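Enquirer: Sequence:
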Amino acid sequence: MATFSFTTCTAVDNTSPRCTSSRLAQTLVRPSYVSTWREPPRASSSFKKLPRPDHLYVDPAGKCLFDKKYVYYGQRVNKTAAATSLKKKKAQKKVEKRLPVPDHIKGILVDDWENVTRNNQLVPLPHPHPVDQIINDYLEYERPSRDPESPHVDILEETMAGLKEYFEKSLSRILLYRFERPQYHEIRKEWEKTGEDGPKSVCDTYGAEHLCRLIVSLPELVAQTTMDQQSVSRLREEISKFTVWLGKNATKYFVSEYETPAQEYIDRARNI
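Counting in our numbering, the sequence shown runs from 1396 upward without gaps.
Calculated directly from the structure, the hints in this document are not laboratory data. Predicted model only: the values in this text are computed from it and were never measured. Careful, some of the hints might be misleading.
[Claimed, not checked] Straight-line C-alpha distance at most 25 Å; calculated BS3-like pairs for lysine-lysine: (1) Lys-1564 / Lys-1584; (2) Lys-1647 / Lys-1559; (3) Lys-1559 / Lys-1643; (4) Lys-1643 / Lys-1501; (5) Lys-1584 / Lys-1559; (6) Lys-1595 / Lys-1584; (7) Lys-1636 / Lys-1501; (8) Lys-1595 / Lys-1559; (9) Lys-1595 / Lys-1647; (10) Lys-1501 / Lys-1595; (11) Lys-1588 / Lys-1643; (12) Lys-1588 / Lys-1564; (13) Lys-1564 / Lys-1501; (14) Lys-1559 / Lys-1501; (15) Lys-1636 / Lys-1647; (16) Lys-1595 / Lys-1564; (17) Lys-1559 / Lys-1636.
[To be verified] Cβ pair distances, simulated, as ranges: (18) Arg-1538 / Lys-1588: 32 to 40 Å; (19) Ser-1545 / Pro-1519: 15 to 23 Å; (20) Glu-1544 / Glu-1509: 44 to 52 Å; (21) Asn-1515 / Glu-1615: 39 to 47 Å; (22) Glu-1632 / Asp-1532: 35 to 43 Å; (23) Leu-1504 / Ser-1567: 16 to 24 Å; (24) Glu-1509 / Arg-1576: 37 to 45 Å.
In this text, a Cβ means the ideal position worked out from N, Cα and C, and glycines have one as well.
Please model the complete structure; the sequences and the hints are all you need to start from.
Expert: Quick look at the structure:
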């Protein structure tokens, strides 16, 4: 918007202007461009209302005039979308606080990250103890401690089924390091060659190392869902029990050594 001068000036000797502030209270000052004013092209939503060509911006006393009907709004804000976004952010913070990751799982993941990204090593696949086996073993361990007449058994089974589904959907998208992607593509080719008895899915092929990567990603993933606070609390309780059990059986379900691929694989992985 143009800047307007709200004082009047008279020329002295036709060279230097002298401001006559004493006349300000007696004269209605208007913008200098009033005589050539043209209504600019505009969108219907840009202004509530455009001022008239003879609109006064100051009163005789020199006080600026302000009228809400001439306020520029710019781009309108979708208040509903903004409120929804704010609720999602708050929900995400709550979920992150209510889904803690045990320290022993974090330590395992640090070693896993160093082996893959720094040492250029891979988890041997197919894993000797795949995700399917881990979840089934945990269900066999945990079911006897639940009352079969209560809903706790159903909650346990639903949580483990959901964890397995999350793993299947997210492995190729967010759980693999770049160095592991050629291995994943090779495994998929092997699935096509093997018969019905061979591994056919990521839950038959990958194990605890990649499952733990999912567990630490769960807060962000769950925050994008419409789960209520009660469901989040149940999920937190079940996942906490599962991670404690997995940590106690780490020597059984985590591989003791990573494999070092051939140089040809390393070069191919670096070029991805």
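Enquirer: Could you run down the list of hints and mark each one as holding or not?
Expert: We went through each hint and held it up to the structure:
no., hint, in the structure
1, Lys-1564 / Lys-1584, "18 Å, holds"
2, Lys-1647 / Lys-1559, "19 Å, holds"
3, Lys-1559 / Lys-1643, "20 Å, holds"
4, Lys-1643 / Lys-1501, "14 Å, holds"
5, Lys-1584 / Lys-1559, "22 Å, holds"
6, Lys-1595 / Lys-1584, "10 Å, holds"
7, Lys-1636 / Lys-1501, "16 Å, holds"
8, Lys-1595 / Lys-1559, "14 Å, holds"
9, Lys-1595 / Lys-1647, "23 Å, holds"
10, Lys-1501 / Lys-1595, "29 Å, violated"
11, Lys-1588 / Lys-1643, "36 Å, violated"
12, Lys-1588 / Lys-1564, "22 Å, holds"
13, Lys-1564 / Lys-1501, "22 Å, holds"
14, Lys-1559 / Lys-1501, "20 Å, holds"
15, Lys-1636 / Lys-1647, "17 Å, holds"
16, Lys-1595 / Lys-1564, "14 Å, holds"
17, Lys-1559 / Lys-1636, "16 Å, holds"
18, Arg-1538 / Lys-1588: 32 to 40 Å, "36 Å, holds"
19, Ser-1545 / Pro-1519: 15 to 23 Å, "40 Å, violated"
20, Glu-1544 / Glu-1509: 44 to 52 Å, "47 Å, holds"
21, Asn-1515 / Glu-1615: 39 to 47 Å, "28 Å, violated"
22, Glu-1632 / Asp-1532: 35 to 43 Å, "20 Å, violated"
23, Leu-1504 / Ser-1567: 16 to 24 Å, "19 Å, holds"
24, Glu-1509 / Arg-1576: 37 to 45 Å, "18 Å, violated"
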